[in-house]
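There are 4 protein chains.
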Amino acid sequence: MEYQDSEKAVEVATRVEAFMDEVVLPREREALANDEVITNDEIEAMWEMAKDRDLFAPQMPEKYGGQGLDFSDMLPSFEQVGRSLIGALSIRANAPQEGNMHTLEMVGTDEQKEQWLRPLVQGEISSGFSMTEPMQGGGSDPKMLRTTAEKDGDEWVINGHKWWTTDGLTADFLLVMARTNMDAHPYSGTSIILVPTDTDGVNIVRNIPHMGGHSITEREGGHAEIKFENVRVPVENTVGEENEGFQIAQMRLGGGRLTHCMRYSGMAERSLDIAKAYLSKREAFGDPLAEKQSLRHKIADAETKLHAARAIVRHAARELDRSEARIEVAMSKTYTANVTNEIIDLAVQCCGANGIGRDLPLAHFYEDVRTFRIVDGADEVHRRSIAREAFEDIKEEELEYICRFDTNRQMH
Amino acid sequence: MEYQDSEKAVEVATRVEAFMDEVVLPREREALANDEVITNDEIEAMWEMAKDRDLFAPQMPEKYGGQGLDFSDMLPSFEQVGRSLIGALSIRANAPQEGNMHTLEMVGTDEQKEQWLRPLVQGEISSGFSMTEPMQGGGSDPKMLRTTAEKDGDEWVINGHKWWTTDGLTADFLLVMARTNMDAHPYSGTSIILVPTDTDGVNIVRNIPHMGGHSITEREGGHAEIKFENVRVPVENTVGEENEGFQIAQMRLGGGRLTHCMRYSGMAERSLDIAKAYLSKREAFGDPLAEKQSLRHKIADAETKLHAARAIVRHAARELDRSEARIEVAMSKTYTANVTNEIIDLAVQCCGANGIGRDLPLAHFYEDVRTFRIVDGADEVHRRSIAREAFEDIKEEELEYICRFDTNRQMH
Amino acid sequence: MEYQDSEKAVEVATRVEAFMDEVVLPREREALANDEVITNDEIEAMWEMAKDRDLFAPQMPEKYGGQGLDFSDMLPSFEQVGRSLIGALSIRANAPQEGNMHTLEMVGTDEQKEQWLRPLVQGEISSGFSMTEPMQGGGSDPKMLRTTAEKDGDEWVINGHKWWTTDGLTADFLLVMARTNMDAHPYSGTSIILVPTDTDGVNIVRNIPHMGGHSITEREGGHAEIKFENVRVPVENTVGEENEGFQIAQMRLGGGRLTHCMRYSGMAERSLDIAKAYLSKREAFGDPLAEKQSLRHKIADAETKLHAARAIVRHAARELDRSEARIEVAMSKTYTANVTNEIIDLAVQCCGANGIGRDLPLAHFYEDVRTFRIVDGADEVHRRSIAREAFEDIKEEELEYICRFDTNRQMH
Amino acid sequence: MEYQDSEKAVEVATRVEAFMDEVVLPREREALANDEVITNDEIEAMWEMAKDRDLFAPQMPEKYGGQGLDFSDMLPSFEQVGRSLIGALSIRANAPQEGNMHTLEMVGTDEQKEQWLRPLVQGEISSGFSMTEPMQGGGSDPKMLRTTAEKDGDEWVINGHKWWTTDGLTADFLLVMARTNMDAHPYSGTSIILVPTDTDGVNIVRNIPHMGGHSITEREGGHAEIKFENVRVPVENTVGEENEGFQIAQMRLGGGRLTHCMRYSGMAERSLDIAKAYLSKREAFGDPLAEKQSLRHKIADAETKLHAARAIVRHAARELDRSEARIEVAMSKTYTANVTNEIIDLAVQCCGANGIGRDLPLAHFYEDVRTFRIVDGADEVHRRSIAREAFEDIKEEELEYICRFDTNRQMH
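Protein chains in written order, with full-length UniProt numbering: chain W, 1 to 412; chain P, 1 to 412; chain S, 1 to 412; chain Z, 1 to 412.
Okay, chain W solo, but in the shape it has when bound (with noise of 0.2 Å):
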């Protein structure tokens, strides 16, 4: 499917597409067939690979490394790199990392970007985004959000409790959300505090053991729980504006929806690229398994929703370049969320055995992509935010309409 993608768009994407064909996803089926792990050193070869092939961190400015796009043009290559296990993590496009240079970017000091944003862009060091809690904090009501930071001196100290920080286990620091403002509401009360994990006090409890979880890769940062007991930092690592971490993380969450979507979509992509070719090579009944209606039907639906998601994310990263977009986000997180789950099932479906095994990547996709309805707001919270645009825009005249019956039929 062609797409009115800018020259920019495009060009960068030819070439990660090159760099995933050629480079990339022969290194993964190798991995997969051979029950093998990637090593550090190997990822970091491709990093050197895709700065030679200039599509190094495509969402970063040039001037830190990357490729300095904005999110309709780096669109097409996040959808490229969603395409292999290890697609993004091979041009430093994974999540969270991502979005926590995107952070530092938006809202960082010059002194924090010099002296962190930098060597993560290089994946010198590692980072984490630790926002959720136990029991529902930081999770879609504010209110729920438990952990603090009080001032004593030019010292932050925090107390808290958090879990599911995605490469907690590797990070070298972590972008820490908690309560600064006790007497103000959440929204107005809270702060992004950057912690370095050798701080005292910072308990990396464990790994949470989690579906799927099998990565095929050296380094496994892990999704962490992570205790916070009087860990002191000086306030300069308070990042963006203090009492504004909630504006800062709509931000941050707003564009990781999107280049979320974009990768999953690629993974959506290739396991329909999987399903198709897995069809046409195999038989039953006497006839090559591409020829059997059903599930070629079945495809051609998949490849129609696979569509409208695509068209509606782009539409999405081209408000979210000049505004906030909060509903279309919503609705493309929600509708790309459902939609890839339910194309990598089929694409499960139509290997058979196969699917399930682990020769072909559809097992890791089909654990992974499972979490893409829970992660940055599940599907009923969006689902929330857009009913509760749409029920503000009811039209008088029908309002009025349905009234004059009423009326009428209490009247007589």
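Think of the hints as simulated: they come from the structure by calculation, not from any bench. Each residue gets a CB set at the ideal place from its N, CA and C atoms; glycine is no exception. The reader is advised that the hints may include incorrect statements.
To be verified - Computed list of lysine-lysine pairs in BS3-like fashion (alpha-carbon distance at most 25 Å, straight line):
#: 1; chain 1: W; residue 1: Lys-395; chain 2: P; residue 2: Lys-281
#: 2; chain 1: P; residue 1: Lys-143; chain 2: S; residue 2: Lys-395
#: 3; chain 1: Z; residue 1: Lys-281; chain 2: Z; residue 2: Lys-292
#: 4; chain 1: W; residue 1: Lys-113; chain 2: W; residue 2: Lys-151
#: 5; chain 1: W; residue 1: Lys-143; chain 2: Z; residue 2: Lys-395
#: 6; chain 1: Z; residue 1: Lys-227; chain 2: Z; residue 2: Lys-151
#: 7; chain 1: Z; residue 1: Lys-281; chain 2: S; residue 2: Lys-395
#: 8; chain 1: Z; residue 1: Lys-292; chain 2: P; residue 2: Lys-292
#: 9; chain 1: P; residue 1: Lys-151; chain 2: W; residue 2: Lys-292
#: 10; chain 1: P; residue 1: Lys-227; chain 2: S; residue 2: Lys-281
#: 11; chain 1: S; residue 1: Lys-292; chain 2: W; residue 2: Lys-292
#: 12; chain 1: S; residue 1: Lys-143; chain 2: Z; residue 2: Lys-292
#: 13; chain 1: S; residue 1: Lys-292; chain 2: W; residue 2: Lys-281
#: 14; chain 1: Z; residue 1: Lys-281; chain 2: P; residue 2: Lys-292
#: 15; chain 1: W; residue 1: Lys-281; chain 2: Z; residue 2: Lys-227
#: 16; chain 1: W; residue 1: Lys-281; chain 2: P; residue 2: Lys-395
#: 17; chain 1: P; residue 1: Lys-227; chain 2: P; residue 2: Lys-151
#: 18; chain 1: S; residue 1: Lys-113; chain 2: S; residue 2: Lys-151
#: 19; chain 1: W; residue 1: Lys-63; chain 2: W; residue 2: Lys-151
#: 20; chain 1: Z; residue 1: Lys-143; chain 2: W; residue 2: Lys-281
#: 21; chain 1: W; residue 1: Lys-395; chain 2: P; residue 2: Lys-227
#: 22; chain 1: P; residue 1: Lys-292; chain 2: S; residue 2: Lys-151
#: 23; chain 1: Z; residue 1: Lys-51; chain 2: Z; residue 2: Lys-63
#: 24; chain 1: P; residue 1: Lys-143; chain 2: S; residue 2: Lys-292
#: 25; chain 1: S; residue 1: Lys-281; chain 2: Z; residue 2: Lys-395
#: 26; chain 1: S; residue 1: Lys-395; chain 2: Z; residue 2: Lys-292
#: 27; chain 1: Z; residue 1: Lys-113; chain 2: P; residue 2: Lys-281
#: 28; chain 1: P; residue 1: Lys-292; chain 2: W; residue 2: Lys-143
#: 29; chain 1: S; residue 1: Lys-395; chain 2: P; residue 2: Lys-281
#: 30; chain 1: S; residue 1: Lys-292; chain 2: Z; residue 2: Lys-227
#: 31; chain 1: S; residue 1: Lys-143; chain 2: P; residue 2: Lys-281
#: 32; chain 1: W; residue 1: Lys-51; chain 2: W; residue 2: Lys-63
What the hints assert, rightly or not - Chain Z side only, calculated, beta carbon under 10 Å to chain W, not exhaustive:
#: 33; residue: Met-135
#: 34; residue: Asn-159
#: 35; residue: Trp-163
#: 36; residue: Trp-164
#: 37; residue: His-223
#: 38; residue: Ile-356
#: 39; residue: Arg-358
#: 40; residue: Glu-367
Using the hints, position chains P, S and Z against chain W.
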């Protein structure tokens, strides 16, 4: 939802929206509330108003009295007219008239345009498109077309049996698909011939009783079953090149499918407007129904899918303005048909008994939209095309990878 | 599919099936093919035949001329009658007549049975059940019922506004739900009162225009909007105990919901029969449509879901013969309503233009079955009941386990 | 939900339920909470307790130490064991062991029963069923089976390549499907041969990495890929009649499909129990999640569909106790597989991040249940059978009616 439509498109659509809100919808509501029929005189008065407001026949060149918009630019106007049962009719953008205009404008001779197109645009005469035949002829498989036209001197002699000719009861002329070269494959041996309905041998058998079929206007064009028995018309009545009827029909239908999508999107949007107003007004168990989360969330999903439909129809319209866009149109048509069916079904459910009754337009919408998954290519036909294209694009690398396993497994 | 129905049930159903195949369906097909109306005389002739064949009014005791079957045993007969548009009518098992018979038989006085039930069973008179009111009254929330009956001497004086009284246009009497004790909760202050339609103050306002509504019989009972203005009937016209109207209505509706399920299951089965015959007969692209795997598989799913519906309706009927079976009935009703809607939609799609036309009964079925998700408790109302029951049954151990995590997490 | 199960069935199931609640589920919860592995000794201790409580191996005759229940009567017990990850294992009712027991009990010789069945029931040895082959062999199309067994004197010489042999890593013997008469159609030329795994030439290649695959028990039977290279076993090891392997496998699989349905129904029920407890406990935006109508209604639908699944599995079990019940089993399998997948997906969604993590069993369930739509006949295979049966039953009258139109239309 804001789209990135052109200034011209938005400008006309804004006027169309106002016309609907100020003139057309109030009259529709009145007619429904009082079980009245809207007369031909009233419709003609609307045409005059539409001309005064510069929004008559947006799809036609200005020299025939239209607004000269291409597919992309007519789109938001066509969405607007879909909101009312008589919206498209009220500005002469209703099927099949607008498709027939489009065909004559595209391939008609100057004489045909002068004699038939000009008065057709003005609403002085009406037309039908006689393609479909009983027993699948003229449907998805061109080989099954049975109607023939044989040359006898400078006349065509037409014999055949058509049905489901929309507006056939009131048509002044028909565009008839007939095989004109029996030795060729129908794709290169079929022509479109213009047949005035008062020609000898044209026999309008009946208005086929069908789902819905409750017109709220005086004029009831119906879906006609028509027999052609030795019907003679001059050879000059060939519309477009002889034997290229299928190519012309495809062009006509490509655009027609999209304009259907636009109108039905508007119908779905209106249905949601009504449902939301209704839910806001009615109560059960102490709360307005609008507070009931289950229907709210379903409405959120409906808004999301409608947005997706509108986005891919826009994409397809842009492509259609410069290419055949066969797959884009097929995806748009089947997706929009299914989504608008779902949404209107939901709106009926939201309104309960009022969704079933005819004081609201929803029952009409429900009956009407059901046909959309069948006409202009049933879902199954479009899925077939989409799948065929999808399976032409098998990735070699995936195929090789799969084959590698097989070899491994067989060798040992 | 074979069920483990009782011998008696199978025995009557076999006769009903034969009656449908030999008498009723042939006449239905004839009427559709020729766009004819089936006369009252014809229906009465069918009643005579049904009596001769010992299958008249299966739901009524033999002393009133019925077959004396309980819910379990009437089930397969009611499935059979659902196959035809006039099947239930042809053996006097049609709603709302059979539900009204059931009510009078269950709680009526001997005098009421003699005066009203006996001729009602015989078809000498007809009846309606006036429960639903405009603006949600008489719907899912009993508090919204507004019709009142006040005692004045030995008469009830009834005032109120009802609508959607099925067969209200031709009814000789109505069973009217009215609040008879305004100080009590409606559950214990509402009565059912028998009102002859020729009583002063009974005003049949209109037949509510509604979805479908194309009867193929001469007699058109309609769905009536009715006003009651100072309508006086003797207090003896109370049906069942005074102030126990809701309890009686629940009994009536519990059974009524199941008999609806039975009839609509038959309608769905017939739809599949037609779709399969159609697909076997028609061709496209060189094969019979029946060979097209996509529709075949959808029909397989339809058969499976219909089987599931029939199985749970059977289970509910067995339970209803010995208990209230509220949840069993709610599940059966909402599941069957949705499944039969889906199946009939599929059958329409299978038959293409013939599914939309009225030469086949599918368009009638499609319009008719849509009401089933709304009447007798909309889906939402039944889901509400099922959920309430489900959440009453929280497992203590699961709760404790979940709480344990929270404690752990909070403590440290 | 109450079913009309036999007294015996209910009586055993009540004891199984208590065993799950008192012994098995508490241990499962402990193991998950602490990320512990349940040892073989613990499992063996559970077997002893199960014997003491008279609920060990319900599917086996009492003379082998089981409870002697037929399919109908074991049903509610098998539903109970499905509630825990180790439930079936804890009473020795786990696949594939119970299916292999069933096969040996059904067609094994007295010697085979003494040597293999008796210790198998007792858990002294373990077994595998080697049917599936790479490249579709042993799948839905029997013609693709490639493994062969040739007679050499009084020995079979087996060559072939199998995979997905569940419990293959720990099996003491395998039941191997092999072609034994190459001239016959596989349906009448295939045998089942018992092969001890310590026989020369049996090569357990690997445990196929697959979706999920996180066992919480010490013993990990896995899904093995196995090569058979000139494996020699005595001809007496034929299980059942020579060349009747497919018939026996069908009998085995018919029952196996149903017992899978029973266990997965229990898994789905447990998932709903957990989801409901979770929703009751957690809050968002000021209310317990359990008050949120959208999830409540989805749970209502889930309960309804699970009820439908359990009803048709019961129906099929009753039929299977007296016939082949091929279509009943196919419908039960495909319906239950889809419904339990949906329900477990819903439960994951209800629990959010806790649905993804492994403190609860839901992530395990989610990964596990996905296989159920593929193993024991993929959905597509069962739909194929159901459709074939459905299309054998075309009603003559419907066909004639449709043809009549065609004739009318062609004649004139």
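Any hints from earlier that this structure breaks? Give me their numbers in increasing order, please.
2, 5, 9, 19, 21, 22, 27, 29, 30 and 34
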